[in-house]
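Asker: Sequence:
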Amino acid sequence: MSYKPVLATSFKRSIKRLEKRFRNVKNDVSNAIKVLVENPKLGVAIPGGNRVRKLRVQNSDLARGKSGGYRLLYCIEDQPEPTLYLLLLYFKSDQEDVTQKELQDLLDELRSEMGL
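Just so you know, we're using our numbering here: the sequence shown kicks off at 1 and counts up by one.
Heads up, a few of these hints could be off.
As the list claims (entries may be wrong) - Listed next, the in silico DSSO-like pairs over lysine-lysine satisfying Cα-Cα at most 30 Å (straight line):
1) Lys101 x Lys41
2) Lys12 x Lys92
3) Lys101 x Lys12
4) Lys101 x Lys34
5) Lys26 x Lys4
6) Lys16 x Lys26
7) Lys26 x Lys41
8) Lys4 x Lys101
9) Lys54 x Lys12
10) Lys4 x Lys16
11) Lys34 x Lys16
12) Lys34 x Lys92
13) Lys92 x Lys4
14) Lys54 x Lys26
15) Lys41 x Lys54
16) Lys54 x Lys101
17) Lys16 x Lys92
18) Lys92 x Lys26
19) Lys54 x Lys34
20) Lys16 x Lys101
21) Lys101 x Lys20
22) Lys12 x Lys26
23) Lys92 x Lys20
24) Lys41 x Lys16
25) Lys26 x Lys101
26) Lys4 x Lys41
27) Lys4 x Lys54
28) Lys54 x Lys20
29) Lys12 x Lys41
30) Lys54 x Lys16
31) Lys34 x Lys4
32) Lys4 x Lys20
33) Lys34 x Lys20
These aren't lab readings, by the way, just hints derived from the structure by calculation.
Using the sequences provided together with the hints, build the complete structure.
Answerer: What follows is the structure in structure tokens.
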């Protein structure tokens with residue numbers, strides 16, 4: 001089963017911000033999304049994250065591998081149709097982990113945006 005990717009406004013903002021520093025960010029993320037729509041449980045579930053998952057994405061502008069690249073936060077919904085909500089993308093060196101409050105804010109923003 002293939003999931004339909006939906007980009008939240010917060011995700012679009014984060015891409016735009018990272019694009020200023022990393023010219024290949026859209027290509028890197030596009031490759032990750034292609035893999036995720038076929039296997040959405042690939043990312044690690046964030047404890048207490050209310051179905052939010054985190055995936056490491058390689059930064060092709062730097063020779064660091066996945067661990068020194070981006071972090072992609074997303075959540076999956078199976079009803080009414082299989083959907084992959086992309087919440088946030090950040091560069092690992094800029095930010096360690098996302099706090100529970102930040103996660104909740106992202107989910108609240110998604111709910112109001114999508115009418116969930």
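Asker: Look at each hint and say if it fits the structure.
Answerer: Structure-based check of each hint:
The hinted pair formed by lysine 101 and lysine 41 meets the criterion: a straight-line CA distance of about 23 Å does not exceed 30 Å. Proposed proximity of lysine 12 and lysine 92 is supported: the alpha carbons are some 18 Å apart, at most 30 Å. Using a Cα cut-off of 30 Å, the hinted pair lysine 101 and lysine 12 holds, with the two alpha carbons roughly 20 Å apart. For the given pair, lysine 101 sits about 29 Å from lysine 34 by alpha-carbon distance, which is consistent with the 30 Å threshold.
For the suggested pair lysine 26 and lysine 4, the alpha carbons sit about 18 Å apart, so the restraint of at most 30 Å is met. Taken as a hint, the lysine 16 and lysine 26 pair is honoured in the structure, with Cα atoms around 9 Å apart against an allowance of 30 Å. At most 30 Å may separate the alpha-carbon atoms for a hinted pair to count; lysine 26 and lysine 41 meet this at roughly 22 Å. A distance of roughly 27 Å separates the Cα atoms of lysine 4 and lysine 101; the hinted pair therefore holds under the 30 Å criterion.
Of the supplied pair hints, the one linking lysine 54 and lysine 12 holds, its CA atoms being roughly 17 Å apart against a limit of 30 Å. Of the pairs offered as hints, the one joining lysine 4 and lysine 16 holds, with about 22 Å between alpha carbons and a cut-off of 30 Å not exceeded. Taken as a hint, the lysine 34 and lysine 16 pair is honoured in the structure, with Cα atoms around 20 Å apart against an allowance of 30 Å. For the suggested pair lysine 34 and lysine 92, the alpha carbons sit about 21 Å apart, so the restraint of at most 30 Å is met.
At roughly 26 Å between alpha-carbon atoms, lysine 92 and lysine 4 fall within 30 Å of each other, so this suggested pair holds. With a C-alpha separation of about 18 Å, the suggested pairing of lysine 54 with lysine 26 holds against the 30 Å cut-off. For the proposed pair lysine 41 and lysine 54, the alpha carbon gap of about 10 Å is at most 30 Å, so the pair holds. The hinted pair formed by lysine 54 and lysine 101 meets the criterion: a straight-line CA distance of about 16 Å does not exceed 30 Å.
A threshold of 30 Å between alpha carbons decides the hint, and for lysine 16 with lysine 92 the separation of about 16 Å falls inside it, so the pair holds. Taking the CA atoms of lysine 92 and lysine 26, the gap is near 16 Å; set against the 30 Å cutoff, the hint holds. The straight-line distance between the Cα atoms of lysine 54 and lysine 34 is roughly 15 Å, inside the 30 Å bound, and the hint therefore holds. Of the pairs offered as hints, the one joining lysine 16 and lysine 101 holds, with about 23 Å between alpha carbons and a cut-off of 30 Å not exceeded.
Pair hint lysine 101 plus lysine 20 holds up; C-alpha atoms about 27 Å apart against a cutoff of 30 Å. A distance of roughly 10 Å separates the Cα atoms of lysine 12 and lysine 26; the hinted pair therefore holds under the 30 Å criterion. A hinted pair counts as satisfied when its Cα atoms are at most 30 Å apart, and lysine 92 with lysine 20 qualifies at roughly 16 Å. At most 30 Å may separate the alpha-carbon atoms for a hinted pair to count; lysine 41 and lysine 16 meet this at roughly 26 Å.
Restraint check for lysine 26 and lysine 101: satisfied, since their Cα atoms lie roughly 27 Å apart, inside the 30 Å limit. Taking the CA atoms of lysine 4 and lysine 41, the gap is near 14 Å; set against the 30 Å cutoff, the hint holds. Annotation: proposed proximity of lysine 4 to lysine 54 holds, straight-line Cα distance about 18 Å (limit 30 Å). A hinted pair counts as satisfied when its Cα atoms are at most 30 Å apart, and lysine 54 with lysine 20 qualifies at roughly 23 Å.
Under the criterion of a C-alpha separation no larger than 30 Å, the hint pairing lysine 12 with lysine 41 is consistent with the structure, at around 22 Å. About 20 Å separates the Cα atoms of lysine 54 and lysine 16, which keeps this hinted pair within 30 Å; it holds. For the hint pairing lysine 34 with lysine 4, the CA-to-CA distance comes to about 10 Å; that is within 30 Å, so the pair holds. Taking the CA atoms of lysine 4 and lysine 20, the gap is about 27 Å. The hint holds against a cut of 30 Å.
Taking the CA atoms of lysine 34 and lysine 20, the gap is near 23 Å; set against the 30 Å cutoff, the hint holds.
No hint from the list above goes unmet by this structure.
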